[in-house]
Amino acid sequence: GQKNSGSDNETGNKNEDGIKFAVLFGAGGLGDNGYNDEVYMGAEMAAEQFGATFDYAEPKDVAEFETQLRAFADSGEYDVIIAISTEQVDALKMVAEDYPEQRFCMLDTIVEGYDNIHSISAAYPDQHFLSGVLAGIATQDERFPLSNPENILGFTIAMDTPTSRGQAAGFIAGAKYINPDVEILTNFIGSYKDPATAKELALMMYERGADIVSANAGSSTQGVFYAAEEKNRYVIGTSLAMIDPDRSLAISLKKVWLFVVQEIESIHNGTWEPGSTVLGIPEGVCNYDTTGLNIQIPDDVVAILDDIRTKIANGELTLPTDLDQIDEWASQNQYHR
Amino acid sequence: MEIIRMENISKIYPGTVALKGVDFTLNKQEIVSLLGENGAGKTTLMKILYGMTAPSSGRIFYKGEPVRFKRPIDAIEKGICMVHQHFMLVPAFTVVENIIAGSEPGSNIFLDKKKARQEVIDLISRFKFNVDPDAKVEKLSVGEQQRVEILKVLYRKADVIILDEPTAVLTPHEVDDLFAVLRRLKDEGKSIIIITHKLKETKEIADRVVVLRDGNLINDNVDPRKVSTKELSEMMVGHEVNLQARRPAKHIGEVCLKVENLTVEEDGKEKVKNVSFAIHHGEILGIAGIEGNGQTQIIEALTGLRKPKSMKLTLDGKEVTGKSSDFLKAGIGHVPEDRLSMGLVKEMSVMENMILGYHRESEFCSKKGLLLKKQISQYAEKLKKDFLVKAASIYSAVSSLSGGNQQKIIISRVFSREPKAIIVAHPTRGVDIGATEYIHNQLIELRDRGAAVLLISADLDEVRALSDRILVLYEGEIVSESMPGELSEVEMGLLMTGGNYMVEEGKQRD
Amino acid sequence: MTFNAEVLYSIVASTLRSSVPLILAALGGCFSVRAGVSDLGLEGMMLAGSFFSVLGSYITGNAWLGLLFGMLFGAVFSMLHAVMHITYRVNASISGMCVNLLATAATPLLLNEIFGMSGKSPIVEAFKKPDWQWMNNIPVVGRILGAQNVLFFVAILLVIVSWIFMYKTKIGLRMRMVSENPHAASTVGLNVTAYKYFGVAMSGCLAGFAGAYLSIGQMNLFVEEMTAGRGYIAVVINAFGKYNPLGVFGGSIFFGFFDALQTIFQNIFPSQLVMMTPYVFTLLVIALGLGGSRGPAGVGKHVDN
Amino acid sequence: MIKNIDNARKIKMGSSFMNSAIALVISLILGMVIIGISGYSPIESYIAIFGVSLGTLKGFALSLSQATPLIFTGLAFAFAYKVKMINTGAEGQLYAGAMAAALVGAYITNLPSGVHALLGFAAAFLAGGLAALFVALCKVYLNANEIIVSLMLNEIIIFFTSYLANGPLKPPGSGVGQTKMIEDTAKLTKLIPQTQLTTAIFIAIITACVLAYLLDKTVFGYEIKVTGHNLKASNVAGINVSKISLITFALSGAIAGMGGAAMVLGVNYRFVEGFSSGYGFAGISIAALAAYNPIGVIFSAFLIGILKSGTITLNRTTSIPVELVDIIQVLVLIFVAAPALIKSIMSRAKKVRSKSSREEHMEVKTSDI
Ligand SMILES: Nc1ncnc2c1ncn2[C@@H]1O[C@H](COP(=O)(O)OP(=O)(O)OP(=O)(O)O)[C@@H](O)[C@H]1O
Ligand SMILES: Nc1ncnc2c1ncn2[C@@H]1O[C@H](COP(=O)(O)OP(=O)(O)OP(=O)(O)O)[C@@H](O)[C@H]1O
Ligand SMILES: [Mg+2]
Ligand SMILES: [Mg+2]
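Protein chains in written order, with the working numbering: chain A, 1 to 337; chain B, 1 to 510; chain C, 1 to 305; chain D, 1 to 369.
In short, the hints are calculated from the structure, not lab data. Errors might be hidden in some of the hints.
[Claimed, not checked] Estimated spans, in silico, between C-beta atoms of each pair:
hint, chain 1, residue 1, chain 2, residue 2, range
1, A, E142, C, F281, 17 to 23 Å
2, B, T229, C, I171, 46 to 52 Å
3, C, F265, D, S347, 58 to 64 Å
4, C, I156, A, E48, 50 to 56 Å
5, D, T56, A, D322, 42 to 48 Å
6, C, N267, D, G114, 44 to 50 Å
7, C, H302, B, D187, 49 to 55 Å
8, D, V33, C, G116, 20 to 26 Å
9, B, E138, C, P130, 47 to 53 Å
10, C, H302, A, E230, 32 to 38 Å
11, A, M94, C, E113, 34 to 40 Å
12, D, V33, C, I171, 38 to 44 Å
We treat Cβ as the ideally placed atom computed from N, Cα and C, and that holds for glycine.
Taking the hints into account, I'd like the entire structure generated from these sequences.
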C-alpha cells in the first residue's frame, strides 16, 4: 500500500506507519445495535484491512459536535475525520472552512461544495424499500405461516424527523408498489431509548391486524422485537445484530460499514476526492437481507425482488422521499406480477 | 410523694445557656406553677422533662428511679404529657384524629375509628368540653383548639400534665373552666405543671410556685398564698416593678379614625356584621372579646389587608381606601397579632426589620428605587437606642433576639413613624412582665402625643387597664360599649360569651 | 383507518399496560409526600430499579428475584435523597435532582463495568405474559385483563393495599400526621425521622418496581435512560391525584389512555402535537381549579431536636 | 458602620466559600477513588480533565463556553429561589428562548450586527419570561404547585418547538428538525477564534451582576427577600406579594430564555431539536452549589464548565467512561448542598485526630515512666 504523500506533508506530522482516522459518533452513541454500532464495525474492519488506527468520540449534545471536530482537526494527526450523523452537518461545514487542509468525510448525508469534504450516503428510502416489497407480498401470502389474512403492516419510527420519515417512506412505497391496497400503520415512539413504548406501539399494531412490523428506532427497536415474540408475528429490523431468527422476515440493511471501509480505502489508495457519493440499492449497499434467518422466501418472491432491484438500478423506478409523497407516487407506480 | 425530680439540669444551645444547674421536683397531686420572664428557660426545662430535647447535663428521676427520656414517647409511656405553647395540631385532621393519633385504641394494626370516636365523645362529655368531634381542626376557633390540645393529654391518661402557657388565648370564663378541670384532675391524683405569665392565675391555681430567672433557679418553694403578685414579679425580674396602674387620657381630641358599616364576609359567612365606631385623637379604644369573633377580620379590614364587603373608613375626615401600603402611607400604623409570622422576618437583620413596611419612604429609598443604606443604618441605630432593644448589633438576625425584644422592634418601627392612628393586636402576648410594662408605657405615651389607638387583646386585664373606652365584640357584633370600670370583669366575661341579656338584666335590677 | 371493536379492546388493554409503571412510581410518590418529603427523585429511583432488576435477573436467572433486586436498589438510591434531605436538611428538590443525576450517570457506568456493554444490557429472564386462556371466556373484561402481565395485578393490589395502609391503619394515620405537621407528630411521641425515612424508602421500592416493570416486565433488558421521563410524569400524576393512591391510579390511567390514543391520532395530526396533548389537558384541569392541590401542609418541614 | 455590614457579609460569604472549597476537595478525592475502583488511572483521568480545561487556551475557552448557558440557568433557579419558588421549568424556558432567538435571527434582516444579536436576546428574554409568567400566574392565582406546572409546561414547550422545527419552520432538505440558519448579523462575536466562546459570556456575567445589585441595593430586591422569607409579614408590610412573585418568577424564566439565545446565537446558529442536554435541570445544581448567590453562580457554573470540558477531552482521548465525570459532578453537588454533612465529616475527622494525638500524648507519658 502506498500512502497519500501529497497531503501528508501539508498537514504535518501524520502517522508515518499507517493511516489514522477519527470518527465522531451520533448523539445516540454506541450500543444501539444499529447505525452507530455498524459504523464502529466499519471502522474496525477498515483498521484491520488497511493497518489503520482510529480514535472516536461520542458527543453528548449538539453543541459538542463542533468542539470535537475542531479538536480532532486541531491535532493534525488524522488522515480523515468522519462525521456520521445528519445533525453534524452544520458543525462539519464550520470546521471544514477553518481547516482547509484537513480531509473530512460525512456519512449518510450529502454535503457538497467543499474541497475537503467527501460525503458518502445512501438515499433514505432505499434502505427499507425492498423489505417493504417483501412485506407487501408476505402479508397476503399463505406460504408465510405467521402472516394473517388481513392486509395490514406496521412501521415504527423513533423520532419524527425528516430523515426518519424518508426511511419510512421507502418501506411504505415498497409495500404499496406491490400491494396497492395494503394499509400501513406508522407510529412515532418519541425516543431512541424507550423500548417499553416501542413495544406497546408494536403490540397495538399487531392487535390492529398487522402481521409484519418494521422498525427503525435505535435501541427502542428492542421493544418491537419483543412484541413480535409475544404475538408470534413477523418483524423486520435494520441491523445484523438485531434479529429474531424465527420471526425476522428480513433485515433492511444499509451497509454503512462499507462506507467507512471505502473511505479509508480511498485514502489508502490515494484516490480520495472531495464531492459526494450516493450509493443505494443499485450498488448493493441497501438491500433486504436474510443472513442468519430461518425463514424461507419462496423463489418466485425472490425473483420479483430481483426484478424490482434491476428496475431501480436501471433508473426505471425512482423512489419517493417523504411520507407526504407516497399516495401520489403509489398511484403512478405499480408493479404488475 | 415525690413523682419527678430533676437534678442539676443544664442546657447549652449554641450561643446561649438556657438552663444552669436547675433542680426541680414535682409531687403527686400537686399543681406547680413555673414562673419566669421570656427566655428564662421554662419551656426548655419542660421540653427536657418531656424528652423533646436532651439536657447538656443533669439527671431525671421518675418515682425515685433514674430515667432517660430520649424521645417524647419515653415520657408519654411514663404518663407524662405536655400541652405546648404553640398549638401542635393538624388542621386537615378531624378533632378525633388529632386526639388519637399516636395513641390509637385497639391492639391490631388497623384503625378502629368507631371506637376512637366513642372514646373521644365520652371524654368530651366527662369534662363538659364543647367541641364537635368530627369537625376539621382548621374550622375551630382558638379556644376550641386549646380544648383539643387538653383533650389530647386527657386521652393519654397522663399522670403528669405539663401546660405551657395554656391561658394566653382563653377568656376569663374559659380559664375558669380550665382551672376547674385541672382541679378535678388533681383530685383524681394527677400532678400538674403550669406555665403562665399571669400572676393572678398562678395565685389562683398553684399549690407551689417555682421561679426561674436567666436559666437559674431562684426559688422552688414559694407558697402562692403567702406572697403578693408584686413580690412574685420582682422575684422573676430581679428588681422592683411598677404594676399597671390606670393612666386615663388627659385630653381626648377630635374624631381621628372613623369606621362605618364594616361588614366582612368569609367562606360565605358574615364574620363582622355592620360594625361602626370612632376613635378620637389621644384615646385608646379597647376591643375585648374571645378570639375568633371577628377581631382578625376587623384588623385586616382596617389595615387594608382584606377587602371588606362594605366599609367607609375615614382618617381625620379623609377617606382611606386601597391596599395595605396605602393604609400605611395614610398614617395607620399596625402592630400585628403574631410578631414572628406577621410582623418580622426573622432571617433578616434588626436593621432591615426596622424599616419593614416603611421601606419605600423617601427617607430610606431613592426615587430610582435604591436603598439608602447609610440612612437606614443610622436610623436603626437610633431606634435601637431609643427603644432599648437588646441586640448584639443592628446587623444581628432577628431570630437571635428574645421574644420581648422582637416585639420591641415592631413597636419601635411603628411608633417612631408617629402614626395618626394605630391598630394594635395582642401587643404583649407571650411577653414577660418587664417588657409588658415597657410596651404599655409606650402605648400610653403614643396616645398622649395625640394618636388614636385601637387595642385588640384577648387579655381582659390589659384591655381594662389601658383603654379609655371599651367595646365588646361577640360573633362579629359590638354588644357593648362602656367606660373602664363601668362593668365588672364577670360582666364583661359574660358579654364576651354572648350572655348580654344577663348583664342587662343585672343592670336593670340595680 | 378502520375503527372497530378490535381497536377499542386494544386501546383499553394498552392503556392499562402503559399506566402500570406510572401507577407504581406515582404510588411511591404518594408514600413520600404523605410522609412529608417531596418526590422529585422518582425518575432516578426508577432508572436504578430498571437497571438493578435486570442485573438481579441476570445473576439469579429468575425474574421475581430480579424484581426484588430492583426494588431493593430503588430503595438504596432513595436513601441518598433521604439522607441529604431528612438528615442534612437539603432542599428536597435539590436532593431529588441529585438522585436523578446520580442514576443517569451511574447506570451506564455500571452497564459498562458489569456487562462490558454500552447502551443496553444483554437479554435476561423476564416476566412472560401469562397464557390465561380461561380469561378469554369472560366477555369484554377477560380479553383486556388477559392481555396484561402478572405485574399489572400486583400493581392494582398495591394500590388497594396502599390506600388501606394510609387511611385505615394506625401507622398510616401517623405517617400522614408527620406530613401534615411534623412538630405535632413529634410531640405525640412519633419518630418523625423514622416515618420520613420509611416513606422515602417505600417510594424507592415502588419506583424501583416501576423501573423493573419497564425493564423486565414490559421488556427483557435494560436500555440507558429507558425510563424516558416517566418519573417526572409520576410526580405530575401524584399531584394530579391529590397524593391519594386512588387518585394516583386514576391519573395514571388518564395518562396511559392518552399514550394509547396517540397511536391512532399520530397519523392524523403531527406526532409532536399529539404527544403534547396529555400535558395540555392536565394543565387545563389545573387551570380550571380541579386538581393540583398543594398537598400535605408539612411537606419539607423539619423538626429540631 | 458600612464596614460592619461588609465584614459580616464577608464572613458569611467566606464561610460558604470555604464550605464549597472543602466540598470540592472531598468530592475530587472520592472521585479518584471511584475512578480507581473502576479500573482506570485517577491521575491520568484528572490530567485529562483539568490539564486541558485549565492548561490550554482553547480548553479554558471551552470551559467558559460550556459554562455560559449554565450561568443563565443557574441564575434562573437561584433568582426564583429568592422568593422560595422552585423553577423546574428552566429547560422549557430555555427552549422557548432559543426558538424566539432563532426566529428573530433568521427572519429579521438588514439589522446592524450588534443590534440584531441583542434583539435576539430580547426576544428570548420575552419568550422565556412569558413561559415562566404563565407558571407564576397558575401559582399565584390558582394556588397550583409551580414544580408540577413547570414540568408539564416543559414537555409542552419542547414538543411544540419540536413540531415547529420539523413542520412549518423546517428548511427544505434538512435531515433533522431545525429552523433556518440565522443571519450573520445575528451571530455573536467570538472572543477567541475557532472556539464557542462568544460575547454571550459577558451578557451572562452582566446578568449575574445586575441580579446581585438588584437584590442587595434596591427596594425591589429588599421586597423579594422579605417575600421569600415571610409571606405573611410582607403582606402586612404592604408589599404586593403577588406582583413580586410574578415579576421575580417571570424574570427567572426570562434569564433561562437568554440561555437559549446564547446557544442559538453563539453556538448552533439555529434552533435544533433536542439541543439541550439538560442545561435547565443543571441550573438547579449550579444554583445550590453557589448557595443561591448570583455572583457565586458564575463560579459554580465555571466549575461545572471545567468538568464538562474535561468530559469532552476525556471522551476523545481516553477510553475512560465520561459518566465518571458526571458522578464527580453529583458528588460535588451532594457535598456542597449539604453543608451539615461537611461539618459532621470535619468534626469526625477532628475527633479522630484529637483522639490519636491524645494517644500519642499518653504514649509519651508511659515511656517517661
Ligand atoms: N439514540 C440516538 N440518538 C440520536 N440519534 C440517533 C440515535 N440512534 C440513531 N440516531 C440517528 O438516527 C438515524 C437513524 O438511526 P437508527 O438507529 O434508526 O439507524 P438504523 O436503524 O441502523 O438505520 P440507519 O442504518 O438508519 O441509518 C441516524 O442518522 C442516526 O444517527
Ligand atoms: N432551639 C433553640 N436554639 C437556640 N436557643 C434556644 C432554643 N430554644 C430556646 N433557646 C433559648 O433558650 C433560652 C430559654 O428559652 P425558653 O423557650 O425555654 O424560654 P421560656 O422561659 O419558655 O420563654 P417564653 O416565656 O418566651 O416562652 C432563650 O434564650 C432562648 O432564646
Ligand atoms: Mg396480513
Ligand atoms: Mg416558653
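Here is what the structure says about each hint:
{"no.": "1", "hint": "A/E142 x C/F281: 17 to 23 Å", "result": "violated (45 Å)"}
{"no.": "2", "hint": "B/T229 x C/I171: 46 to 52 Å", "result": "holds (49 Å)"}
{"no.": "3", "hint": "C/F265 x D/S347: 58 to 64 Å", "result": "holds (60 Å)"}
{"no.": "4", "hint": "C/I156 x A/E48: 50 to 56 Å", "result": "holds (55 Å)"}
{"no.": "5", "hint": "D/T56 x A/D322: 42 to 48 Å", "result": "holds (45 Å)"}
{"no.": "6", "hint": "C/N267 x D/G114: 44 to 50 Å", "result": "holds (47 Å)"}
{"no.": "7", "hint": "C/H302 x B/D187: 49 to 55 Å", "result": "violated (41 Å)"}
{"no.": "8", "hint": "D/V33 x C/G116: 20 to 26 Å", "result": "holds (22 Å)"}
{"no.": "9", "hint": "B/E138 x C/P130: 47 to 53 Å", "result": "holds (48 Å)"}
{"no.": "10", "hint": "C/H302 x A/E230: 32 to 38 Å", "result": "violated (48 Å)"}
{"no.": "11", "hint": "A/M94 x C/E113: 34 to 40 Å", "result": "holds (36 Å)"}
{"no.": "12", "hint": "D/V33 x C/I171: 38 to 44 Å", "result": "holds (39 Å)"}
When each numbered hint is compared with the structure, violations occur for hints 1, 7 and 10.
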